[in-house]
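There are 2 protein chains.
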Amino acid sequence: MRRTHCSDLSTATPGEPVRLQGWVHRRRELAALTFLVVRDRTGLAQVVLRPGDLPDGAACPPEETPVEVVGTATANPQAPGGVEVTSPTVTALSEPADTPPVELWRPTLSASLPTLLDHAATTWRHPLQRAKWELAAASLHGFRSVLDADGFTEVHSPKLVESATESGANVFEVDYFGRPAYLAQSPQFYKQVLVGVFERVYEVGPVFRAEPHDTVRHLAEYVSLDVELGFVRDHREVVACLREVVAGMVAAVAERASSAVERLGVRLPVVPDELPTLHFRDALRLVGAPDDEPDLAPAHERALGEWAMAEHGSDLVVVEGYPTASRAFYSHPDPDDPHWSRSFDLIFRGVELVSGAQRLHRYEDYVRVLAERGYDYAPFASYVESFRRGIPPHGGFAIGLERWVGRLVEAANIREVTLFPRDLHRLAP
Amino acid sequence: MRRTHCSDLSTATPGEPVRLQGWVHRRRELAALTFLVVRDRTGLAQVVLRPGDLPDGAACPPEETPVEVVGTATANPQAPGGVEVTSPTVTALSEPADTPPVELWRPTLSASLPTLLDHAATTWRHPLQRAKWELAAASLHGFRSVLDADGFTEVHSPKLVESATESGANVFEVDYFGRPAYLAQSPQFYKQVLVGVFERVYEVGPVFRAEPHDTVRHLAEYVSLDVELGFVRDHREVVACLREVVAGMVAAVAERASSAVERLGVRLPVVPDELPTLHFRDALRLVGAPDDEPDLAPAHERALGEWAMAEHGSDLVVVEGYPTASRAFYSHPDPDDPHWSRSFDLIFRGVELVSGAQRLHRYEDYVRVLAERGYDYAPFASYVESFRRGIPPHGGFAIGLERWVGRLVEAANIREVTLFPRDLHRLAP
Chain C
1 MRRTHCSDLS
11 TATPGEPVRL
21 QGWVHRRREL
31 AALTFLVVRD
41 RTGLAQVVLR
51 PGDLPDGAAC
61 PPEETPVEVV
71 GTATANPQAP
81 GGVEVTSPTV
91 TALSEPADTP
101 PVELWRPTLS
111 ASLPTLLDHA
121 ATTWRHPLQR
131 AKWELAAASL
141 HGFRSVLDAD
151 GFTEVHSPKL
161 VESATESGAN
171 VFEVDYFGRP
181 AYLAQSPQFY
191 KQVLVGVFER
201 VYEVGPVFRA
211 EPHDTVRHLA
221 EYVSLDVELG
231 FVRDHREVVA
241 CLREVVAGMV
251 AAVAERASSA
261 VERLGVRLPV
271 VPDELPTLHF
281 RDALRLVGAP
291 DDEPDLAPAH
301 ERALGEWAMA
311 EHGSDLVVVE
321 GYPTASRAFY
331 SHPDPDDPHW
341 SRSFDLIFRG
351 VELVSGAQRL
361 HRYEDYVRVL
371 AERGYDYAPF
381 ASYVESFRRG
391 IPPHGGFAIG
401 LERWVGRLVE
411 AANIREVTLF
421 PRDLHRLAP
Chain E
1 MRRTHCSDLS
11 TATPGEPVRL
21 QGWVHRRREL
31 AALTFLVVRD
41 RTGLAQVVLR
51 PGDLPDGAAC
61 PPEETPVEVV
71 GTATANPQAP
81 GGVEVTSPTV
91 TALSEPADTP
101 PVELWRPTLS
111 ASLPTLLDHA
121 ATTWRHPLQR
131 AKWELAAASL
141 HGFRSVLDAD
151 GFTEVHSPKL
161 VESATESGAN
171 VFEVDYFGRP
181 AYLAQSPQFY
191 KQVLVGVFER
201 VYEVGPVFRA
211 EPHDTVRHLA
221 EYVSLDVELG
231 FVRDHREVVA
241 CLREVVAGMV
251 AAVAERASSA
261 VERLGVRLPV
271 VPDELPTLHF
281 RDALRLVGAP
291 DDEPDLAPAH
301 ERALGEWAMA
311 EHGSDLVVVE
321 GYPTASRAFY
331 SHPDPDDPHW
341 SRSFDLIFRG
351 VELVSGAQRL
361 HRYEDYVRVL
371 AERGYDYAPF
381 ASYVESFRRG
391 IPPHGGFAIG
401 LERWVGRLVE
411 AANIREVTLF
421 PRDLHRLAP
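Residue numbers (my numbering), protein chains in the order written: chain C, 1 to 429; chain E, 1 to 429.
This is chain C alone, in the form it adopts within the complex (with noise of 0.2 Å):
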């Protein structure tokens, strides 16, 4: 007999056979009756038990067991989806399963973050806690669906390097055979040398940052979504791509997590054909902010998404032309005033999502711009040799995953929609 989904059981013929696999999401044993909500990736079912179901002695298997059903399906307008299943055969399909460390079965899950954490495999157990990650899943298709139909080539890049690759500080370091490597905290380098190959290349894999952060919204290893374009004309274009990506990634989650979208109450962003965008300048200004300040804070970006949302609508909002002084060394500067660079954030909600720029692209002017900051040459040689190779114009940005499906759900902690959490206390599970 064919399996049926918890949730297509609503699509049954009543008096059909049926048969169910999943996990006992919970047991109620009442006088006469027992029921059983069965749980498998799709939904609920309940199972109603009259005497006699059970083998004599035998005992209903405890919540989080798994289980199959063979029963009937028979109509009932107070189960969920308006059919349950009855005169079922109930069998365990491994031991009774512990008591959880928390209860799945409750509408909400309302341990606390270090239980939910410290019980991570149980935890995402949860409806509503699962749901978090089929965002993040969907995500992943649609930012794939609009750059493979794009010209953009999949690539994988080393995690272990050679030297640092961002600024020489807060990195991984690992015992390679006896010498020293690294941790990549991007793909940044691979990805822009294989432009060279490829014109467009994204990557989706983790990236491992060793700062000292204890925030609500870092992590030591995440899971980066990095694009990188060739012969653009500046880092306008480069935006015009994330704004594709970004509503090719709503319209995946829109179609493909449906059901987590709904059991959340998720409050999807509309993407605005333009994207609102402000320069840097005009964003400290509006935020009443110094002339001077070097970057954003925090409570800067959270003003300048209620502005958006005031002003546009919009969940999203630019701010580009960041001082090139206080961006990566290999962001473009704008030409007409080299003071400002050809750099962006996209802030989502409030929070920065996304970082990118139009790069550097001359061999000189790496050469130049490392000697400017004071960088030695050395831990760069390889990268920036590459560029006398004939590199075109070309720009990219990364978005963090869990930053993305934080924002979407407006979790309080990155933690809380990360599978499992690296930081700086935490290795386990």
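Keep in mind that the hints are not guaranteed to be accurate.
Claimed, not checked - FRET-style restraints, in silico, Cβ to Cβ:
1. Val70/E / Asp295/C: 33 to 43 Å
2. Asp336/C / Arg2/E: 18 to 28 Å
3. Thr89/E / Gly151/C: 50 to 60 Å
4. Asp234/C / Thr89/E: 16 to 26 Å
5. Gly151/C / Ser87/E: 19 to 29 Å
6. Leu424/C / Arg106/E: 33 to 43 Å
7. Ser112/E / Asn413/C: 35 to 45 Å
Don't read these hints as lab results, they were simulated from the structure. We put the CB at the ideal spot given by N, CA and C, even for glycine.
Once you have looked at the hints, place chain E on chain C.
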């Protein structure tokens, strides 16, 4: 003016103005003419410069310089695709490129492997080299398409872990905020516990092996395509899933990378509806190995590959039922004879490509097997404890991306198909 891709030039109307962007692939200066072959991500196009097409005193940019060419599409039966660009304006988009370390315009790359790898950022530009990664990218698309359509959820598990996942040996140690951590050798434990959440999961990501191998088929870091599915009857259901995945990868290569297949002359494997399958015991006999061999040697795998081709016309053969003692501790024994396991390997053209198995799913079985093998319980405690929470019978497999592509193109060394390989001796570029 819209950009015309090189591969589309053949469809341009003669006389029509066109705009190309790409690299100078080849510059041939004759007495009266200069031929410029432009390369972009789609192919090559011929541009003809006559005296006067360049400003007085201007030189044609050297090979590998990124350029934009605006000119007129002109029929010429001798040009690739039958159309070339005449009366062009050629604009360099960066400084003139240095002479590449190998001549990329030659039909084949004759460089030695060390040269190829030392200059990977450049040598991947060669159309034949790039084609290899195009096979990889298409394969990833096929892998995900099959699983997305079959109810699997994409997951991303942490690469920084508290204890060695597989066997304790041969892991890279990381300095994690002053305490030791390790790089995950596989997402094995995470994908198993996530079966408890999503039932069916897959992950594409890097795995790290500190084995001091120095062979043509091992890397210290590679891309692993991991799959795990719950509610299976035995490992045969896992093999059936693997068959669908491989068929989907082949179909995606045929469809999305047809030009790469053609350039490389790749012979795509036929994936039979039922993969030829041998029990390990019979495989040993077939290759003339002693009955008590614990595993198949590379020579045995080659012989089995030849057998599958001769007997079944198949590039693929499954060996199942490896001795329990020679497989990972979490492999499920055959209940009828626990000497043998419900494990399998998929051999592709004589090389092990995939390992998989039904796994243990009962807590007591884990406790027992760890004791039998004399493993410390402590490093596995959090993993093993998770099986007290109700995990259904499940199994899975892992495909090495680089091995897959290596066998597709019948490369002598896996490094030839790896973007930036990492091994005992190599940590750059």
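Comparing the hints with the structure gives:
no.	hint	in the structure
1	Val70/E / Asp295/C: 33 to 43 Å	41 Å, holds
2	Asp336/C / Arg2/E: 18 to 28 Å	27 Å, holds
3	Thr89/E / Gly151/C: 50 to 60 Å	25 Å, violated
4	Asp234/C / Thr89/E: 16 to 26 Å	21 Å, holds
5	Gly151/C / Ser87/E: 19 to 29 Å	28 Å, holds
6	Leu424/C / Arg106/E: 33 to 43 Å	52 Å, violated
7	Ser112/E / Asn413/C: 35 to 45 Å	52 Å, violated
In this structure, the hints that do not hold are numbers 3, 6, 7, in rising order.
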